[in-house]
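Chemist: Each chain is listed here by its residues.
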Amino acid sequence: MTEHILGIDLGTTNSMASLVTASGAEIIENAEESTHVPSVVTLLSETERLVGHAALAERVNHPEATFYSFKRFMGRGPKDVNEDLSQLPFPVSAGERDNILLGHRYSPEEMSSFVLSEIKGRAERILGHEVKKAVITVPAYFDDGQRQATRDAAEIAGLEAVRILNEPTAAAIAYGLGEKNKGKVVVYDFGGGTFDVSVLELKEKIFKVLSTHGDTHLGGDDLDNLLMESIAKDLIGNSPIEPASRQALKKVAEEIKIELTASLETTQRINLPQLGIDQEFTYSRAQFDAAIAPLVERTLGHIDQALKDADLTPQDIEDVVLVGGSTRVPLVRHRVQEFFGMPPHVRINPDQVVAIGAGIQGHLLAGGRRDFLLMDVIPLSLGIETLGGTFSKMIIKNASIPAKATEIFSTSVDNQTGIDLNIFQGEREFIKDCRKLGQFKLKGIPPMPAGLPKVEVTFFVDNNGLLTVSAKELRSEASAEIDIVPTHGLKRSEVSQMIRDSYEHAEEDFSDRNMVEFRAKAVAIEEGLKKVWAQADQFLKPEEIQEIEAHRTVLSRIAQGEDPVALKAAIDKMGDLTREFADSIMGQAARGVLGGDHS
Amino acid sequence: MNRDAAPSHDRCQACASELKHRLFCDHCEKIQQMGKGDDYFSIFGHKKSFKLDKALVEETFDELILALHPDFHATAEAGEQALSIEHTALLHQAKNALFNPYLRGRYLLTLLVPEIGASLSSPPQSFIIETFELQEALDEAAAGTREVAPLSLQIEEMSASVQEELSQQFGDLIGYADQPELVEAIQGNLAKLKFLLNLSERAQAITKNQ
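Taken in order, these protein sequences are the chains called A and B.
596 is the number that the working numbering gives to position 596 of the first sequence; each next residue is one higher, with no gaps.
690 is the number that the working numbering gives to position 91 of the second sequence; each next residue is one higher, with no gaps.
Hints were generated in silico from the structure; no laboratory data involved.
Here are a few chain A residues that face chain B, going by a calculated C-beta distance under 7 Å:
(1) Lys205
(2) Ile206
(3) Lys308
(4) Leu365
(5) Gly367
(6) Arg370
(7) Leu373
(8) Ser400
(9) Ala403
(10) Asp462
(11) Asn463
Where is the CB? At the ideal position from N, CA and C, for every residue including glycine.
With the hints as extra help, turn the sequences into a complete structure.
Modeler: Quick look at the structure:
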């Protein structure tokens, strides 16, 4: 092995680095210092910057200059962030390029780079050599913009991110190599700012992700906020709270949360001079559970979806691995246990397992070992627009990468010499409900009747998740190609909405889609008939002509209605009535147009 | 090396050792170039047949992916890395196609009768009428006025019988490819199979939504 590749868990609330050494994968630390640092930055002046514990300590003294939870803003625009920014003690504003600025001048990427840079410096002091490369973890549900932002943060900190690895998958590596390596497992990753669930199949050396689901805006921060609101309501009703008191309350809420992990009730001294409050405050676990229950239920909904995507039920799962600090909350463990009907796996340290897994993957990429393989997936389906605005999926979500798919398409109009290829990502049946990734034109197709050109479209997703689309007309060899970065700029709320919608509207889309396709078919039949109808009397008996004429009227009337079943029946009947006629007068091209072809 | 020359299927292109797998040499760990005779079946060491030995494909897939995956070649030279990415994508694509009976049939037919290409035919009218009732029953199941399980079973049984017939027909076609009527019959059965797989997918979606 020629170089060391660190594994870094760049978390919403805590970050740390690991490295594989002779004694195995370990968090990088020694008696003096550790790479385990809170993801907090305090900017005291242009030159004076505190990162980690030192910054965390300044949170109450300098609330407006102490930045935390900035991972939530990575790769986002102001419109993407749907939380109430005025609740944050530090200024968050929109920049000129539809970007987010913290403290009026720093991008979230820079804030993250301060944390990475701190970790890098500490790791170099502890290890005694320079560090240049790292595997950095992100929530599985991070989109490409967010992944790119993470890459950028690493670059700013002087680190090359050789791989952006999904957090639950990193945890699965550590679990699979350390605990057991066979069977289907669920990784439930409830961190400081995000929630992910991944379903994996472990097969000795091969760890395969079957499905993944999540919410990049659901984490321990949200639990703290709910708890804080509940406490504030008890203390002062609905009165407004200024930043310093808010920070003090947040600190109390975190302490209460930790206390209630082990005990059923806790009493804390609360001192909020600005609000004239200085008292003992007692809060019970039952109150805490009631306050956070809605969020915990939401995580169960995501598990349900992930299992359905993998065609599994809770009974198929052999082990549930808990990752992230929020899984220490008793209600979370309790509800997960109820959901799966078995106690979750709690032997591994939920705070360290992601960094450890990333370190092991780094070791593999550095050529240090080859005794396991992680097969990851694409989170959303990829495809192109076809007839009538329908979305034709080429690579279905949860497909293993690298992935390739090829399909043959054709033209819908006679003598069409170019085809526009519009590339989309999403789960719905219509492109209007999916996210557009890009477009290009295939030109130079020789004039031919509709349906005759054969256009081969190929989608290719490489091992880093980058998409390339190419198209070739097989008769003329005309070809075109485009590189695309999937999900770039895709808003998280939109993705969640797309997926939610796809489940709610699946049935409705189906008949909608049929109607669009059938109408196009009916129009094509009518067009085809018009072209050849002058020759009808050469091949058809008068009563046959009459029958077809009558059915033409019926068909165009039904095509204007909304009944896909009736329209399909009418199209099929027309196919029957005209089949012999089509056979006798024309070759294959005409048969296609006259409705005998169902492809 | 000359890419146009048909490479040996038995010997490594780098060290001439005997190959266990078409795409990878266990001996010198070199990734092999694809040759003209290679197809989805040959890369898994499977004979051309509609009947699939799933266990063989699974097992070979696992062995190949552990040899070819780009994560194991991250420190290799660019050409080797690119080949590893391409081959791994091909493995995924081939496995997907082989495990889907319709895609497998379509692919095999294209291999055996290249001039047919991927052109499709439509299921016979009688079949459409027969399945129309099934479609209506699925509509009722989606609306919650009917059990979906018996319908799923019916669809699976129909699908199994079409596949049985296809196995037979492909067996005959592999023996002697110049049989236009047989090709037409296979195309008809493939169209039926595609139709049934779509129905089965719909039945599964209804089951999941319940």
